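Keeping their order, the protein sequence lines are chains H and W. Mapping of the first sequence onto our numbering: residues 1 to 660, in sequence order. Mapping of the second sequence onto our numbering: residues 661 to 724, in sequence order.
Accuracy of the hints is not assured; some may be wrong.
[Claimed, not checked] Restricting the straight-line Cα-Cα distance to at most 27 Å, the calculated cross-link-like pairs of lysine-lysine (DSS-like) are:
| id | chain 1 | residue 1 | chain 2 | residue 2 |
| --- | --- | --- | --- | --- |
| 1 | W | Lys715 | H | Lys102 |
| 2 | H | Lys133 | W | Lys715 |
| 3 | W | Lys694 | W | Lys671 |
| 4 | H | Lys620 | H | Lys27 |
| 5 | W | Lys714 | H | Lys207 |
| 6 | W | Lys671 | H | Lys133 |
| 7 | H | Lys235 | W | Lys714 |
| 8 | W | Lys694 | H | Lys233 |
| 9 | H | Lys324 | H | Lys372 |
| 10 | W | Lys714 | H | Lys511 |
| 11 | W | Lys714 | H | Lys133 |
| 12 | H | Lys587 | W | Lys714 |
| 13 | W | Lys678 | H | Lys511 |
| 14 | W | Lys694 | H | Lys102 |
| 15 | W | Lys715 | H | Lys201 |
| 16 | H | Lys282 | W | Lys715 |
[Unchecked claim] Incomplete in silico selection of chain H near chain W, CB under 7 Å:
| id | residue |
| --- | --- |
| 17 | Gly186 |
| 18 | Ser204 |
| 19 | Gly205 |
| 20 | Asp379 |
Hints in this document: simulated from the structure, not taken from any laboratory. No experiment lies behind these values; they were computed from the predicted model shown. Think of the CB as a built atom: it goes at the ideal place given N, C-alpha and C, for glycine as much as any other residue.
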Amino acid sequence: MRAGRFWAATIFVALAFAISSNAKDSKRAMIVLGFDGMDYQMTRKLMSEGRMPNFSRLASQGIFQPLGTSIPPQSPVAWSNFITGMDAGGHGIFDFIHRDPKTMIPYLSTSRTAGSEKTFKVGKWQIPLSGGKVELLRHGQAFWERLEKAGVHTKIMRMPANFPPSGTASSELSGMGTPDIIGTYGTFAFFTSNRAPFEGKRISGGKVYDVQVRDGVVTGTLIGPTNPFLQEKKKLEREFNVYVDPVNPAAKIVVGDEERVVQVGEFTDWVPMQFDMIKTQKLHGMCRFYLKQVRPDFMLYVSPINIDPIQPALPISTPEELSKEIGESSGRFYTQGMPEDTKALSEGVFTRDEFLKQAQIAGDEIIRQYEKELQRFEDGLLFYYFGNNDQVDHMMWRTCDPTHPAYVAAVDSAYANVVPEIYEKMDAVVGYTLEHMKPGTTLLVMSDHGFTSWKRAFHLNSWLRDHGYLAVVDPNREDDPGLYANVDWTRTVAYGLGLNGLYINLRGREKWGIVNPADRDSLLEDISKKLLETIDPETGAPAITKVYRTDKVYEHKEYLDIAPDIIVGYAKGTRGSNESALGEIPKEEIVDNHEEWSGDHCMDHEAVPGILLMSQPLQKRVTSLQNLASAILTEFGVQGFQEGGEANLEALGYVTRGTK
Amino acid sequence: MFGGDRIKIDKDLLEKIKKYAKVAGYSSPEEFVKHALEKELALLEDADSEEEIKKRLQGLGYIS
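Isolated chain H (complex conformation) (with noise of 0.2 Å):
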């Protein structure tokens, strides 16, 4: 069907379905699937291939269709302008990490946690006399906020950038953006008796703990976070012991109370712990335990020690109870918001079958309790997300792409069929839904963005070195620790942080902004025309195809003080680099990407759309990920949020396809 008469049948079906339907339909019931990162051509593929019988059975019945992803497709960004209706410039979130201009460190963007602000002292202990406090930083109304007003009941599970839960659904659990127990993203602990291999390595998202085996026992040490309670800083502690098996390949492990056999190359069940504060009080966490080996070297892995969802020592939903009754009625289960460990991969303290047995865990955790959540779903909103999909991708597309730098034949083809099974075990989840649902109910499934390999990486702070717009203290130096520690801000004019952002060194606004507020912009104009010109010496291709000014590409302008002043759309395959994301500047300007993490998507957003298939058409047309809550309020008979967000992506070759 040509493009021009599909949107023809669609307006039209629309239009027959909004003046048969009835105003706040509360009792409507509608499935809102999540899968962060599915690939709009990698999903086509699969589906004429006949991989995915769901999605197929589902678009022939329905639409399956491209998804316009937000500037930059991060994910943070993309979840915020779906929940919103908004662009960045609503929302305030611009990429994994902004940065404070007053003190110029960078942050995690998508919350902040203060300790408690008064405090009562007595010797060494400090008594809190008030809770801490965790803040989401996502601004905007959330779209199940207005269902909820109209009487609809909504359910909002892992929803990412929503950590804290904003507490306007009926009920949420946070996602993405939750950390673990001692505030990060996930921090896992190593414990060896053969510290060898990580000699001399800065081990990134985790840490390596020297230990020896005497008489059969190991000792080691969990570290939690700062003792509120002490008026010294210092970290929370928790001992625990591991009983080696004599004779055969498996040990007893024992924290507290809590003892757990495992042999040699499983995983335990979730372990409770507790830091004991002060004598009345203690944190309550939780880890799986390891074992990798116990002969001739003892390895242990410790996952990052998660927030307990029976006890849980932040909000992680709401009501509060939710967490608990999901632990107590599915087992606990990863907490932390992505919890798939690629860090344990890409520090090589895992290998890729272990990376692949945990990211299973962590995935077959999520869609156990989406199975018993659907049975129980009658009426209203169902939202869940699903991230195993992208995490995997990202560590393992490189295996079904021999073009990639980092591609071995020998090693990698053993693997191609990873990311297609875990684009089959998202077909399995819609195949049980529509299974399982009640009739009349409308299942929406959609992606944040899309992917692709991650070929080329891009020192942005290299580049505006070469290009005279950021100078350095010592050029010759071997050892940069990053965070912008080889910058002389004096001759700086503009810095790049994060994944796409670019920041003019602004008088006023940065800590020691240099650039007069009137050239700001003639500045921009200089480096985007630069950028844009740039050519990859390797391909031959330009490596920046698209650069949005955020003062110009954003309708919505709340946030625009916090925003950088650019967002580069890297071409497809190419990359902002990690040395440059925190404020390094290496020697080149783009060098082959040889990491583990091999795919992804923070790039050009049109190079990256993700998909979204419905069960039948809705009665607002859908183009982004900015207008799709606005198309699910009308659904429910609501006022949806002020259009916007356009995408034309069939202008862009992504050809849209209807009911077959």
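Assemble the complex: chain H is given as a structure, and chain W must be docked to it using the hints.
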């Protein structure tokens, strides 16, 4: 104020401190000022080292 060491405060600001100390339930303007300063100092003292900041950000899989 503050024992032997005196700190000069603008008159308008002092008036505001007196007014809001009462509103916020402090027993005196001194207590209010002391608390506000302690809070600010704690923020600086508690500021993580650069290494800790980097570690926290690197927990994000997107950055190694």
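Open item on the list: Output the indices of the hints that this structure fails to meet, ascending.
Closed with: Going through the list in order, the structure violates hints 6, 13, 20 and respects the others.
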